[in-house]
Amino acid sequence: SQQGEEDPQALSIQEGENATMNCSYKTSINNLQWYRQNSGRGLVHLILIRSNEREKHSGRLRVTLDTSKKSSSLLITASRAADTASYFCATVLIQGAQKLVFGQGTRLTINP
Amino acid sequence: DAGITQSPRHKVTETGTPVTLRCHQTENHRYMYWYRQDPGHGLRLIHYSYGVKDTDKGEVSDGYSVSRSKTEDFLLTLESATSSQTSVYFCAISQEASTDTQYFGPGTRLTVL
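Protein chains in written order, with this note's numbering: chain Z, 1 to 112; chain P, 1 to 113.
Derived from the structure by calculation, the hints contain no laboratory data. Note that the coordinates shown come from a computational prediction; the quantities given were computed from them, not determined experimentally. Mixed in with the good hints, there may be bad ones.
[Claimed, not checked] Take a look, some chain Z residues computed to stay more than 12 Å from chain P by CB distance:
#1 Q14
#2 E15
#3 G16
#4 A19
#5 N22
#6 K26
#7 Q33
#8 H45
#9 G59
#10 D66
#11 S71
#12 S73
#13 A81
#14 L93
#15 N111
[Claimed, not checked] Listed next, the in silico BS3-like pairs over lysine-lysine satisfying Cα-Cα at most 30 Å (straight line):
#16 P:K57 x P:K11
#17 P:K53 x Z:K56
#18 Z:K56 x Z:K70
#19 P:K57 x Z:K26
#20 Z:K99 x Z:K56
#21 P:K70 x Z:K70
#22 P:K70 x Z:K26
#23 Z:K99 x P:K57
#24 Z:K56 x Z:K69
#25 Z:K99 x P:K53
Idealized CB from N, CA, C, for every residue including glycine.
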């Protein structure tokens with residue numbers, strides 16, 4: 001079963017708009033990470049947020065974490081065509097094996 | 001791709017044949033991972049290694065074996081390939097704890113006919 005689930009599964013917006021993707025998870029986590037995957041390529045790490053953090057920024061990216069709701073969001077501001085990709089959240093559980101568990105991803109399309 | 005190469009990048013094989021995929025890193029990272037990516041399933045961990053000759057199973061390890069005789073190389077073997085193993089396979093590495101950021105290779109597209 002998937003620990004992390006992204007929502008929506010697909011998102012299409014106009015260039016310059018903001019894009020928001022959400023990730024929900026089921027059990028307590030050590031940290032949550034967001035990755036990007038361009039078509040036909042490997043995943044690229046974007047941001048890691050720890051369970052005691054609420055918000056992190058990196059350039060045009062903003063990630064929030066609400067452990068009470070077991071959810072995270074990734075906001076991309078002022079989107080560009082190059083942001084077109086799939087975005088995955090991955091969680092590390094507190095209990096059990098300390099490995100990343102990936103969600104199924106959100107497919108983001110930025111229209112010029 | 002952070003000093004990670006995978007070979008081959010594409011392979012077509014027949015059911016029942018053995019297949020070995022290679023992951024090579026130049027980062028001297030301790031942890032190495034093999035994932036498979038399939039539509040509707042995201043990435044799923046097959047096996048991982050936490051040091052030379054130290055490996056453990058992941059979520060979907062049946063039908064796969066791994067070996068790590070050197071820090072830089074992690075091999076994934078399908079002893080007798082099946083059509084259900086048609087997938088894109090990704091290798092990843094992380095420096096220290098398995099909770100660290102992972103860096104991914106470019107992937108190998110495997111088709112089993």
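Exercise for the section: Check each numbered hint against the structure and report the violated ones by number, ascending. Expected result: 7, 8, 14, 17, 21 and 22
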